[in-house]
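Going line by line, the protein sequences match chains F and A. To convert, note that position 186 of the first sequence is 186 in the working numbering; the numbers rise steadily by one, no gaps. To convert, note that position 13 of the second sequence is 13 in the working numbering; the numbers rise steadily by one, no gaps.
Simulated from the structure, these hints should not be mistaken for laboratory data. Possibly wrong hints are sitting among the right ones.
All copies of an identical chain are treated as equivalent in the list; a pair is satisfied when it fits inside any one copy or across any two copies.
[What the hints assert, rightly or not] Only pairs whose alpha carbons sit at most 20 Å apart, straight line, appear in this in silico SDA-like list of lysine to any residue:
| id | residue 1 | residue 2 |
| --- | --- | --- |
| 1 | K37 | P51 |
| 2 | K37 | A138 |
| 3 | K105 | E95 |
| 4 | K105 | E166 |
| 5 | K105 | E67 |
| 6 | K37 | I185 |
| 7 | K105 | R23 |
| 8 | K105 | A31 |
| 9 | K105 | T39 |
There are 2 protein chains.
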Amino acid sequence: MSSDSVPTRRTGGRSALVIAAVRDAVEDLIAESGADKVTVPAVAARAGVSPSSIYRRWGDVGSLVAEVATLRLDPDRPLPDTGNIGDDLRAWARELYGHLARPTKASLLRASAVLADDGETNCLASRRDEAERLVERAHAHGQFTPSVRQIMDHLVAPIIYRITFEPDTVDAGFPETLVAELDRITETG
Amino acid sequence: MSSDSVPTRRTGGRSALVIAAVRDAVEDLIAESGADKVTVPAVAARAGVSPSSIYRRWGDVGSLVAEVATLRLDPDRPLPDTGNIGDDLRAWARELYGHLARPTKASLLRASAVLADDGETNCLASRRDEAERLVERAHAHGQFTPSVRQIMDHLVAPIIYRITFEPDTVDAGFPETLVAELDRITETG
Chain F
1 MSSDSVPTRR
11 TGGRSALVIA
21 AVRDAVEDLI
31 AESGADKVTV
41 PAVAARAGVS
51 PSSIYRRWGD
61 VGSLVAEVAT
71 LRLDPDRPLP
81 DTGNIGDDLR
91 AWARELYGHL
101 ARPTKASLLR
111 ASAVLADDGE
121 TNCLASRRDE
131 AERLVERAHA
141 HGQFTPSVRQ
151 IMDHLVAPII
161 YRITFEPDTV
171 DAGFPETLVA
181 ELDRITETG
Chain A
1 MSSDSVPTRR
11 TGGRSALVIA
21 AVRDAVEDLI
31 AESGADKVTV
41 PAVAARAGVS
51 PSSIYRRWGD
61 VGSLVAEVAT
71 LRLDPDRPLP
81 DTGNIGDDLR
91 AWARELYGHL
101 ARPTKASLLR
111 ASAVLADDGE
121 TNCLASRRDE
131 AERLVERAHA
141 HGQFTPSVRQ
151 IMDHLVAPII
161 YRITFEPDTV
171 DAGFPETLVA
181 ELDRITETG
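Could you put together the complete structure from these sequences and hints?
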């Protein structure tokens with residue numbers, strides 16, 4: 001990386017490099033060995049930094065994994081905006097599913113489950129925020145929608161549950177099926 | 001414990017005591033500090049056995065936690081049998097929820113999420129088996145039911161998801177709501 005060869009007085013530059021290296025190391029190690037095998041010394045060795053610099057910044061391995069999970073489980077993209085809540089939800093669910101089903105992301109998701117124990121992380125809070133935005137926009141256009149609670153329970157929950165606990169049962173058409181079923185729950189009459 | 005003072009030639013007796021003590025220690029430690037803090041030395045100290053006897057029998061802490069999760073996450077009770085699939089599912093969901101929402105069980109559930117990574121555990125396979133039995137019995141009585149897949153996705157998944165990732169959002173009436181919504185998905189016409 002060229003920044004390595006350009007000494008600078010801004011400690012922010014060096015610090016940002018360390019942070020990036022440490023986060024990459026966490027993701028690599030989780031992908032290789034699973035989240036329960038990630039330790040501060042292993043992350044330090046992989047990132048080429050001292051364990052003490054990790055303890056100083058993050059406290060313990062749990063906080064570090066929580067931070068990486070929160071950052072990396074967030075698909076970085078604009079929300080779908082098709083003008084129809086059903087199509088928006090379909091695109092949104094497909095994207096969420098495609099993102100989280102990748103092996104590294106699935107491992108991070110499982111790791112973050114353990115951390116939810118202490119309220120250390122809620123890496124899925126952004127999904128709830130997104131569902132709220134989709135619903136609010138549709139309401140503003142006069143559309144009838146499922147509630148945010150129903151979207152979380154019948155669309156997000158089954159996706160997360162399958163990826164986390166029953167990874168062998170997932171298939172590509174799954175988000176479509178869920179959106180059709182969510183539609184049956186909310187249809188009037 | 002009286003067995004301690006009665007020497008016996010059956011090593012099974014001694015061995016069973018060790019196994020029980022180790023499993024209890026795992027559950028206690030998870031309840032106290034969370035699953036990510038459980039280590040073989042800590043379990044050994046709590047159970048009053050040597051770490052090497054744990055490594056010998058279980059291999060590593062992951063396998064040990066997986067075993068305890070599989071045993072303890074299983075509510076030990078007969079399946080509801082009301083003669084009506086809707087009532088059966090309501091009773092079943094309420095029981096599952098009541099069992100898993102207890103703090104120790106919720107922590108075990110989160111711990112088992114990490115282990116699902118290596119296919120080391122699927123502590124929820126019994127839930128799928130139970131759903132299959134409920135559905136088969138109702139079919140034998142000529143009743144129309146949701147599919148097992150729908151029961152897992154719209155009843156079990158939201159319960160597990162909320163307990164695992166959003167423990168602050170659960171309330172006692174939640175299983176009832178889900179069963180009513182599952183009913184809307186499957187109702188004909």
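Cross-check of the supplied hints:
no., hint, in the structure
1, K37 to P51, "both (16 Å within a copy, 18 Å between copies)"
2, K37 to A138, "neither (44 Å within a copy, 44 Å between copies)"
3, K105 to E95, "within (13 Å within a copy, 32 Å between copies)"
4, K105 to E166, "both (15 Å within a copy, 19 Å between copies)"
5, K105 to E67, "within (13 Å within a copy, 25 Å between copies)"
6, K37 to I185, "neither (41 Å within a copy, 41 Å between copies)"
7, K105 to R23, "within (13 Å within a copy, 31 Å between copies)"
8, K105 to A31, "within (8 Å within a copy, 27 Å between copies)"
9, K105 to T39, "within (18 Å within a copy, 25 Å between copies)"
Consistency note: the structure conflicts with the earlier hints numbered 2, 6.
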